[in-house]
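If you read the protein sequences in the order shown, they are chains W and B. The first sequence maps to residues 1 to 302 in the numbering used here. The second sequence maps to residues 1 to 297 in the numbering used here.
These are calculated hints, taken from the structure and not from any lab test. Predicted model, so just to flag it, every value in this text is computed and none were measured. Glycine included, every Cβ here is placed at the ideal spot set by N, Cα and C. Fair warning: there could be bad hints in the mix.
As the list claims (entries may be wrong) - As a list, the in silico DSS-like pairs of lysine-lysine whose alpha-carbon atoms are at most 27 Å apart: (1) 101(B) - 243(W); (2) 289(W) - 47(B); (3) 47(B) - 243(W).
Said to hold, decoys possible - Chain W side only, calculated, beta carbon under 8 Å to chain B, not exhaustive: (4) 36; (5) 189; (6) 254.
Claimed, not checked - Not everything, but these chain B residues come out facing chain W in the computed CB check (under 7 Å): (7) 19; (8) 97; (9) 125; (10) 130; (11) 133; (12) 135; (13) 175; (14) 234; (15) 272.
Listed here are the chains, written in short residue letters.
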Amino acid sequence: MVDASVNAMAGPRGSKPQRRFSSRNLMLYGTLIVVSLYYILPLWVMVMTSLKGMPEVRLGNIFGPPLEVTFQPWVKAWSEACTGLNCDGLSRGFWNSVQITVPSVILSIIVASVNGYALINWRFKGSEVFFTILIFGSFIPYQVMLYPMVVMLREMGIYGTLTGLVIVHTIFGMPILTLLFRNYFASIPEELFKAARVDGAGFWGIYFNIMLPMSLPIFVVALILQITGIWNDFLFGVVFISKADNYPMTVQLNNIVNSVQGVKEYNVNMAATMLTGLVPLIIYFISGKLFVRGIAAGAVKG
Amino acid sequence: MATSSRGARVFRNLNAKIAAIPMIFTAVVVFAGFSVWTVVYSFTNSKLLPKANFVGLDQYERLWSNSRWLISIQNLMIYGALALVFTIVIGFVLAVLMDQKIRFEDTFRTIMLYPFALSFIVTGLAWQWILNPQLGIQNVIREMGWTSFTFDPLNNPDLVLYGLLIAGLWQGTGFVMCIMLAGLRGIDEDIWKATRVDGIGTWKTYIVVIIPMMRPVFITTLVLVAAGIIKLYDLVIAQTSGGPGNASQVPAMYVYSYMFQAQNLAQGFAASTMMLLTVLIVLIPWAYLEFGGKKNG
Chain W
1 MVDASVNAMA GPRGSKPQRR FSSRNLMLYG TLIVVSLYYI LPLWVMVMTS LKGMPEVRLG
61 NIFGPPLEVT FQPWVKAWSE ACTGLNCDGL SRGFWNSVQI TVPSVILSII VASVNGYALI
121 NWRFKGSEVF FTILIFGSFI PYQVMLYPMV VMLREMGIYG TLTGLVIVHT IFGMPILTLL
181 FRNYFASIPE ELFKAARVDG AGFWGIYFNI MLPMSLPIFV VALILQITGI WNDFLFGVVF
241 ISKADNYPMT VQLNNIVNSV QGVKEYNVNM AATMLTGLVP LIIYFISGKL FVRGIAAGAV
301 KG
Chain B
1 MATSSRGARV FRNLNAKIAA IPMIFTAVVV FAGFSVWTVV YSFTNSKLLP KANFVGLDQY
61 ERLWSNSRWL ISIQNLMIYG ALALVFTIVI GFVLAVLMDQ KIRFEDTFRT IMLYPFALSF
121 IVTGLAWQWI LNPQLGIQNV IREMGWTSFT FDPLNNPDLV LYGLLIAGLW QGTGFVMCIM
181 LAGLRGIDED IWKATRVDGI GTWKTYIVVI IPMMRPVFIT TLVLVAAGII KLYDLVIAQT
241 SGGPGNASQV PAMYVYSYMF QAQNLAQGFA ASTMMLLTVL IVLIPWAYLE FGGKKNG
């Protein structure tokens with residue numbers, strides 16, 4: 001069985017034994033390694049630059065490792081880098097992002113999981129229509145909906161606040177998450193639901209006692225998707241946060257690095273960039289295959 | 001009798017309906033309502049505040065005679081076409097390479113996909129630094145002895161889109177590779193056996209048999225990538241801020257600056273309506289193929 005499949009890949013010319021260093025393998029792995037270098041290069045350059053002092057950065061060897069390792073740029077990026085008048089570093093943006101991400105992730109997952117559950121087990125007249133609008137809506141450029149959203153939040157008195165931004169993230173995260181949960185709940189045998197109904201369980205009873213415990217993996221996938229997505233957001237942060245002090249990390253990072261004043265400290269900039277990328281990177285490396293599953297869910301339509 | 005049963009129907013599934021209120025609100029009010037609102041107000045002359053003072057197509061005439069908008073559209077078309085073709089071709093080729101029963105598949109996938117976890121801001125800033133003319137790649141190659149070597153796309157209006165493209169492809173190709181790989185893995189092993197029996201070579205099989213079979217995967221990827229390209233914003237903000245000059249402006253930046261900086265709301269609405277129109281041009285044929293086709297088949 002294994003032999004057959006190996007041959008299928010090698011071509012039709014009978015049972016030639018596969019040598020480990022065949023020219024085909026050399027080409028294959030050679031290409032993959034060269035491609036991998038392109039992907040690794042920016043991360044390497046970022047880390048190396050962030051560990052050099054400015055005199056060494058000015059020597060210009062961006063691919064080379066630091067001759068003298070210093071963590072000063074990281075310290076400076078975290079606690080001293082300036083945006084406008086504030087010079088308390090990127091730590092401010094980090095905590096803002098934490099305050100934005102945590103409630104947004106929780107609220108959006110609760111709402112979307114209940115949506116998915118209602119769509120599968122409690123269909124009502126028009127529920128599929130709303131779902132279809134939701135999915136098509138996810139393709140509408142945000143720019144089309146930004147201003148009315150500002151007006152709505154202003155009317156509610158929460159424009160520019162954290163609460164407003166949490167609602168925005170919940171709304172715009174809804175299509176993909178609802179799709180994710182809906183598809184997952186569809187795979188849970190309906191008999192379970194019916195049995196619980198016969199036993200007299202209601203909407204919330206079944207949700208909390210049956211659906212929730214059975215779908216922990218998909219909750220983890222949704223968690224990964226949302227933490228990285230909301231942490232990486234830039235546009236909503238700029239539009240829906242009115243005070244520069246409350247900007248999320250991505251916005252503050254951009255303001256630090258692309259500020260026109262002062263001498264450019266590339267090592268501090270790269271340390272700041274790494275700091276901002278660290279949260280999604282850690283999530284990515286811990287989650288492994290679950291991350292792949294999360295993004296694949298976006299490609300599989302219901 | 002009739003009214004009471006109708007009343008009962010409204011209250012059936014009441015909990016589910018209450019629970020679905022956020023979804024119904026998002027679908028009807030935000031996605032449908034807000035979009036219509038923006039389109040309607042794009043026909044007004046709203047400046048600082050939205051006012052229902054209709055002026056017909058004035059905003060669109062102004063839009064299409066604004067050189068900054070024309071550059072934005074042209075940039076989006078060039079970048080979009082290149083990004084679409086390259087992302088899909090590179091994504092597919094990488095997926096094929098990964099599908100050769102290689103060792104360390106997980107390692108390679110981890111390496112190719114990690115940029116997708118990073119934000120466009122981080123991506124843009126990293127590549128801005130690598131492409132820095134004084135200290136980046138250009139300098140490294142000049143130091144190696146090729147003193148006339150020039151590679152400074154971010155400061156050259158003619159090349160700036162390619163500078164963005166390098167970063168965009170770095171961020172997005174791993175994702176497409178993953179989708180394509182899933183598509184390749186979904187193809188029946190028997191197909192491979194059959195082509196082997198018929199004596200068709202591996203590469204020919206990919207082109208003649210596998211690609212046509214993966215048509216739905218390609219179409220889905222196309223739509224996802226295209227929808228992402230139209231939203232292109234953060235990457236440009238971080239990497240070039242739209243410069244040099246106006247050379248790398250994109251429609252999303254035009255919308256933002258008219259809506260939130262120049263306080264010329266209706267002009268921003270008109271521009272965002274054009275973005276919506278672009279998406280519909282991509283989306284409607286796809287929806288037709290996808291859902292119209294199912295009914296026939």
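These are the hints, each one checked on the structure:
no.	hint	in the structure
1	101(B) - 243(W)	53 Å, violated
2	289(W) - 47(B)	49 Å, violated
3	47(B) - 243(W)	23 Å, holds
4	36	5 Å, holds
5	189	20 Å, violated
6	254	5 Å, holds
7	19	5 Å, holds
8	97	6 Å, holds
9	125	5 Å, holds
10	130	6 Å, holds
11	133	11 Å, violated
12	135	5 Å, holds
13	175	6 Å, holds
14	234	4 Å, holds
15	272	4 Å, holds
The structure does not agree with the numbered hints 1, 2, 5, 11 stated previously, though it agrees with the rest.
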